[in-house]
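Now for the letters of each chain:
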Amino acid sequence: MRAKYVLYEAATGLWRNVTMTVAMIITMAVSLAMLGASGLLFLQVDKVKELYYAQVEVTIFLAEDVSDEDREALDRALDSDPLVSHYYYESQEEAYEKARELFSDAPDLVEALRPESLPESFRVQLTDPEQFREISVTYIGWDGVSEIVDQERLVGDIFSILNAVQVMALVIAAVMAAAALLLVANVIQVAAYSKRREVSVMKMVGASNWFVQLPFVLEAVVAGVIGALLAFAALAAGKYFIIDGPLAPLSMLLTPVPWRNVLLTLPALAAVGGLVSAVTGWVTLRFYLKP
Amino acid sequence: MIRLEHVTKTYPKASRPSLDNVDVSIDKGDFVFFIGPSGSGKSTIIKLLLREVTPTRGRVVVNNRDVGTMRSWKIPNFRRSIGCVFQDFRLLPNRTAYENVAFALEVIGKSRGVARRVVPEVLELVGLGGKEHRYPHELSGGEQQRVAVARAFVNRPLTLLADEPTGNLDPDTSIEIMRLLDRINRTGTTVVMVTHDSNIVNQMRRRVIEIESGRVVRDQPRGVYG
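First to last, the protein sequences are chains C and L.
Sequence positions in the first sequence follow our numbering and run 1 to 291.
Sequence positions in the second sequence follow our numbering and run 1 to 226.
Pulled out of the complex, with its shape left as it was, chain C reads as follows (with noise of 0.2 Å):
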């Protein structure tokens, strides 16, 4: 009979107020969503990274008047340098060969192109992608080397916009939570305020402050935990419309995002959504509903 009556009473508390339980488990689920969407993007961002190292290479570009010793020396080096997993030179006519495709769109460039103004150059990938810059710093000041150039450069650019997307989305993400805390706890506030009565009553007899508090707890957990479950609904609308819609031939740059993912907000959104809820009420009857 008790958990009826509290079901019951968070149930009547949800619908006696319901243009303020309806706004606040709005602001809940965009700020689950909000939160939901960096996190995805965070798990994205280690695959991402991934995928991109994997292409990185570090290119040792070599002077013009480099002498055969200098070139087989830095041949040696890299061959046993520990750094490298594996590397391959190329040749002026490899180079002009591979621009004359790479601007086969450009007729008149590839005219102009000589193999003799291409540098050679050695390809190097590294075991470790994150060391290119240990890689430039020993080999610069070689004899014969004329330039190191790697993607870090690149690579940085993308994730400086992957992070600022995500610093983005955790800021909506927690400004809409103090509007939705807020809004937990006014409704909070309104439901124990209708039900002043009955509170009174309960107190003057001797209910236990659980029973007293687990109603209102109760309603906000229950709207936290519907604001989740739109929140969840957003991600994977958007994941199957946009991600998996217009955006998916991005996905050669930005590596696809599984549903197993997706699915794996669900609880987490509900478990933070019914958690805040349930700490927000219980805080704000604290305040409210004095023994």
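Hints were generated in silico from the structure; no laboratory data involved.
Don't take each hint at face value.
Claimed, not checked - Okay, derived cross-link-like pairs now, DSSO-like style, lysine-lysine, Cα gap no bigger than 30 Å in a straight line:
#  : chain 1 : residue 1 : chain 2 : residue 2
1  : L       : K110      : L       : K74
2  : C       : K4        : C       : K49
3  : L       : K110      : L       : K13
4  : L       : K74       : L       : K28
5  : C       : K195      : C       : K4
6  : L       : K110      : C       : K203
7  : L       : K131      : L       : K110
8  : L       : K47       : C       : K195
9  : C       : K4        : L       : K28
10 : C       : K195      : L       : K131
11 : L       : K110      : C       : K4
12 : L       : K110      : L       : K47
13 : C       : K203      : L       : K74
14 : C       : K49       : L       : K74
15 : L       : K47       : L       : K13
16 : C       : K203      : L       : K28
17 : L       : K13       : C       : K4
18 : L       : K74       : C       : K98
19 : C       : K195      : L       : K74
20 : L       : K47       : L       : K74
21 : L       : K110      : L       : K28
22 : C       : K4        : C       : K203
23 : C       : K195      : L       : K110
24 : C       : K4        : L       : K74
25 : L       : K28       : L       : K13
Claimed, not checked - Part of the chain L face toward chain C, derived, beta carbon under 10 Å:
#  : residue
26 : V24
27 : D27
28 : E52
29 : P76
30 : C84
31 : R90
32 : P93
33 : F103
34 : A104
35 : V107
36 : I108
What the hints assert, rightly or not - Partial chain C-side listing against chain L, Cβ under 8 Å, derived:
#  : residue
37 : A3
38 : Y5
39 : T12
40 : A54
The beta-carbon is built from N, C-alpha and C at its ideal position, and this holds for glycine as well.
Assemble the complex: chain C is given as a structure, and chain L must be docked to it using the hints.
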């Protein structure tokens, strides 16, 4: 058994104490009137006994429990040993007489079965047999107060606190409520009643403790309003 030992209660921002060094002892089964003009501190005594407020100085002991130092999580259980009746009845308007009394049982964890057995009995005792399913607005003031008394008594408390229970009732109805409280007192329940109804006090001829400006000025075994 109720004891107030040198109790002083000063509310925050108040210029003088509501109760000033009050020393009172009430035995189990006693019937006591606290009388005095408005603002004399009578109601503060009820609040202290219910642990709605704590004493600024001194000790308040109810049913062998020191109420002033009681931990807040023990308060609900403590209040189950006390019944309360107020001037404004404090009934739930959307519940019938039966449901109002049953509510008090259910929220302290008693089963529906217990309520079905005990509630009609206690409503019969207060003279509301046959009116179980009336809503408060369908009952007279006296009948509403009977529901409140039934609710206070249904849990068989050791102590019944009544804060001006006849304040909203006409003299005849007041006397009926007093007969009811008297009957409850005869079952061994200690009754503490705050009032400024001189008729009632003079007719009942019970112990009278008069408070003025927060001090006990009179404590008479079979007193009158005076």
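Hints and how they fare:
no.: 1; hint: K110(L) to K74(L); result: holds (18 Å)
no.: 2; hint: K4(C) to K49(C); result: violated (52 Å)
no.: 3; hint: K110(L) to K13(L); result: violated (41 Å)
no.: 4; hint: K74(L) to K28(L); result: holds (22 Å)
no.: 5; hint: K195(C) to K4(C); result: holds (17 Å)
no.: 6; hint: K110(L) to K203(C); result: holds (15 Å)
no.: 7; hint: K131(L) to K110(L); result: holds (23 Å)
no.: 8; hint: K47(L) to K195(C); result: holds (22 Å)
no.: 9; hint: K4(C) to K28(L); result: violated (39 Å)
no.: 10; hint: K195(C) to K131(L); result: holds (25 Å)
no.: 11; hint: K110(L) to K4(C); result: holds (14 Å)
no.: 12; hint: K110(L) to K47(L); result: holds (26 Å)
no.: 13; hint: K203(C) to K74(L); result: holds (12 Å)
no.: 14; hint: K49(C) to K74(L); result: violated (57 Å)
no.: 15; hint: K47(L) to K13(L); result: holds (18 Å)
no.: 16; hint: K203(C) to K28(L); result: holds (24 Å)
no.: 17; hint: K13(L) to K4(C); result: violated (44 Å)
no.: 18; hint: K74(L) to K98(C); result: violated (84 Å)
no.: 19; hint: K195(C) to K74(L); result: holds (23 Å)
no.: 20; hint: K47(L) to K74(L); result: holds (16 Å)
no.: 21; hint: K110(L) to K28(L); result: holds (26 Å)
no.: 22; hint: K4(C) to K203(C); result: holds (20 Å)
no.: 23; hint: K195(C) to K110(L); result: holds (21 Å)
no.: 24; hint: K4(C) to K74(L); result: holds (25 Å)
no.: 25; hint: K28(L) to K13(L); result: violated (36 Å)
no.: 26; hint: V24; result: violated (23 Å)
no.: 27; hint: D27; result: violated (23 Å)
no.: 28; hint: E52; result: holds (9 Å)
no.: 29; hint: P76; result: holds (4 Å)
no.: 30; hint: C84; result: holds (5 Å)
no.: 31; hint: R90; result: holds (6 Å)
no.: 32; hint: P93; result: holds (8 Å)
no.: 33; hint: F103; result: holds (7 Å)
no.: 34; hint: A104; result: holds (4 Å)
no.: 35; hint: V107; result: holds (4 Å)
no.: 36; hint: I108; result: holds (6 Å)
no.: 37; hint: A3; result: violated (12 Å)
no.: 38; hint: Y5; result: holds (7 Å)
no.: 39; hint: T12; result: violated (11 Å)
no.: 40; hint: A54; result: violated (60 Å)
In terms of the numbered hints stated before, the structure departs from hints 2, 3, 9, 14, 17, 18, 25, 26, 27, 37, 39 and 40, listed from lowest to highest.
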